[in-house]
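Note that the protein sequences, when read in sequence, are chains A and G.
Everything in the first sequence is counted per this note's numbering, starting at 513 for the first residue and increasing by one.
Everything in the second sequence is counted per this note's numbering, starting at 400 for the first residue and increasing by one.
No lab work stands behind these hints: they were computed from the structure.
All C-beta atoms in this analysis are idealised placements derived from N, C-alpha and C, irrespective of residue type, glycine included.
One or more hints might be untrue.
[As the list claims (entries may be wrong)] Label-pair ranges, simulated between beta-carbon atoms:
hint : chain 1 : residue 1 : chain 2 : residue 2 : range
1    : A       : R715      : G       : S450      : 30 to 40 Å
2    : A       : D572      : G       : T457      : 57 to 67 Å
3    : G       : E433      : A       : R576      : 51 to 61 Å
[As the list claims (entries may be wrong)] List time: in silico DSS-like cross-link candidates among lysine-lysine, alpha-carbon distance up to 30 Å:
hint : chain 1 : residue 1 : chain 2 : residue 2
4    : A       : K558      : A       : K590
5    : A       : K894      : A       : K832
6    : G       : K515      : G       : K416
7    : G       : K515      : G       : K505
8    : G       : K431      : G       : K416
9    : G       : K431      : A       : K832
10   : A       : K702      : A       : K894
11   : G       : K515      : A       : K548
12   : G       : K505      : A       : K780
13   : G       : K416      : A       : K590
14   : A       : K548      : A       : K780
15   : A       : K833      : G       : K416
16   : A       : K833      : A       : K894
17   : G       : K431      : G       : K511
18   : A       : K833      : A       : K780
19   : A       : K548      : A       : K590
20   : A       : K702      : A       : K548
21   : A       : K833      : G       : K431
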Amino acid sequence: MGLRPNVEVAIAGVGETAVGNLPGTHSTGLYIQAAKRAIEDSGIDKNEIDGLLTTASVVDDNVRHHMVIAEHLGLFCKTLCDTLRTGGAAFGYALQLAQWAVQSGRCRAVLVVAADNLLSGPGLGHGVAAYTELGAHSLEFEVPFGAHIPAFYALVAKRHMHEYGTTPEQLAAIAVACRKHASLNPAAQKREPITIEDVLNSRMISSPLHMLDCSLISDGGGAFIVTTLERARELRRRPIRLLGAGQAQSYYHMGHLAGGIGHPLDRKGEFNLTNTVQKAAARDAFGEAGVTTDDIDVAEIYDSFTITALMQFEDLGFCKKGEGGSFVEGGRIALGGALPVNTHGGLLSFAHPGMPGGIFHLIEGVRQLRHECGPRQVPDAKIALVTNVSAVASNHSVCILGRD
Amino acid sequence: MISVMPTIAPCPTDVSKPFWDGCRDRRLLMQKCEDCGNLTFYPVYICPVCSSENLAWTELSGRGRVHSVTIVHRPATPVFASATPYALALVEVDEGPIMMSNIVGKDALQAKIDDKVEVVFEDVGDVTLPRFRRTGG
């Protein structure tokens with residue numbers, strides 16, 4: 513196959529495992545289950561898959577993780593095969609890599625799969641520690657001071673509150689909306705509805721973030737298959753088109769993120785803790801798709817913490833910088849509101865197995881556009897926005913999907 | 400004797416050893432680029448602004464202000480359990496860079512953004528950490 517630079521790609525199939533507490537299951541088992549379900553969902557012949565991207569496992573890491581998964585699945589000769597290290601931002605990135613691989617003519621179909629057993633694998637409580645101690649500079653200049661991921665995001669939240677007057681109640685509104693949606697999703701890990709008071713009364717983890725401002729720790733995984741739109745139309749499911757994608761990665765070390773060390777001098781001050789490079793990713797995604805925020809019917813917004821989601825409404829352009837707090841109030845982001853967000857329940861209430869968390873946002877975007885979400889379906893959804901974030905608001909992926 | 404907040408000790412590398420040696424000597428050091436003047440933190444091999452290798456370790460005033468601060472109630476690892484709640488902060492040193500540290504000492508848990516702080520060096524086992532205390536004003 514030659515270069516097909518203008519060929520449109522689509523997601524031809526999706527699959528996920530059960531999520532929550534799945535004791536006794538190795539991460540590889542979850543990987544294989546998710547992959548098998550996505551392959552079956554699409555109806556594609558396994559031998560047509562010549563691309564494989566995984567995100568490894570925090571619990572059972574392996575530098576050749578993608579080869580382990582390929583061997584279990586019986587995918588022998590691949591032209592694209594790797595383990596991504598882009599953490600929570602991996603899936604919009606993987607989708608774009610798959611797009612490029614298909615457009616280059618070197619891949620016919622790419623399987624993206626991610627799973628982990630962060631809850632039952634290391635034991636409750638240890639998953640957070642394992643997840644924090646990733647990254648050398650963090651180990652030398654952040655972890656010695658008792659830093660962990662909730663604290664990183666708490667520092668961002670404090671700064672946002674300081675600069676823009678954002679309130680704990682506004683942060684809590686995001687957790688409440690996610691839980692409302694999870695209550696409509698039988699697969700979600702946490703389904704009991706909560707109120708803003710419940711969030712504010714939950715245990716303080718790292719001020720201003722309460723326990724219910726923080727995402728879950730889970731077992732589980734998901735997978736999706738990317739091929740040309742043309743090929744996808746021959747398969748079992750309605751294709752979901754990739755209309756536009758954008759990626760942007762800045763710096764992980766929080767001092768760099770906050771202070772602009774190593775930023776181009778002519779852009780000094782443009783990016784900091786509360787102004788992320790997501791706006792660059794969004795510019796590319798919206799530009800490529802040729803749509804605006806007004807065209808988005810449903811948004812699956814990466815929500816490792818309530819603050820993670822709140823800032824994105826600003827950087828994506830749904831509201832002005834500093835107005836994220838008022839944007840999420842009053843039910844706007846709940847089903848029935850102007851912009852239903854995280855209709856599956858998000859990382860806050862559906863599941864967060866670590867690296868794989870963002871794949872569920874993408875899968876939910878696909879399911880919404882296929883109109884198969886039952887009581888949580890956004891009526892007549894045609895265009896979905898999906899974001900992934902990792903490395904403390906420094907790695908961003910923005911994708912816009914369309915119903916074929 | 401007030402017990403010192405514990406740590407998971409950093410492992411100095413070839414490039415960061417002067418920083419940690421400086422802490423042991425009660426000196427807060429960062430690298431200044433002798434070509435473009437940029438001051439950088441954490442320790443690096445070349446200037447991230449102009450790529451020069453002419454980096455000179457420079458002693459700072461030790462003064463700064465709180466860029467952001469959180470009170471950690473739930474520690475990531477048991478090492479810090481005895482220290483909760485504690486103040487984790489991003490401190491903007493007067494010379495520019497922002498570093499992560501703790502606010503310690505009197506009223507540390509009341510620390511807020513823009514508070515003025517100064518460095519204190521705390522020996523924790525074999526390592527000396529640069530932490531900060533509020534100075535008022």
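For this session: Enumerate the violated hints, using their earlier numbering and listing them in ascending order.
Result: Result: hints 1, 2, 3, 9, 11, 12, 13, 14, 15 and 21 break, sorted rising.
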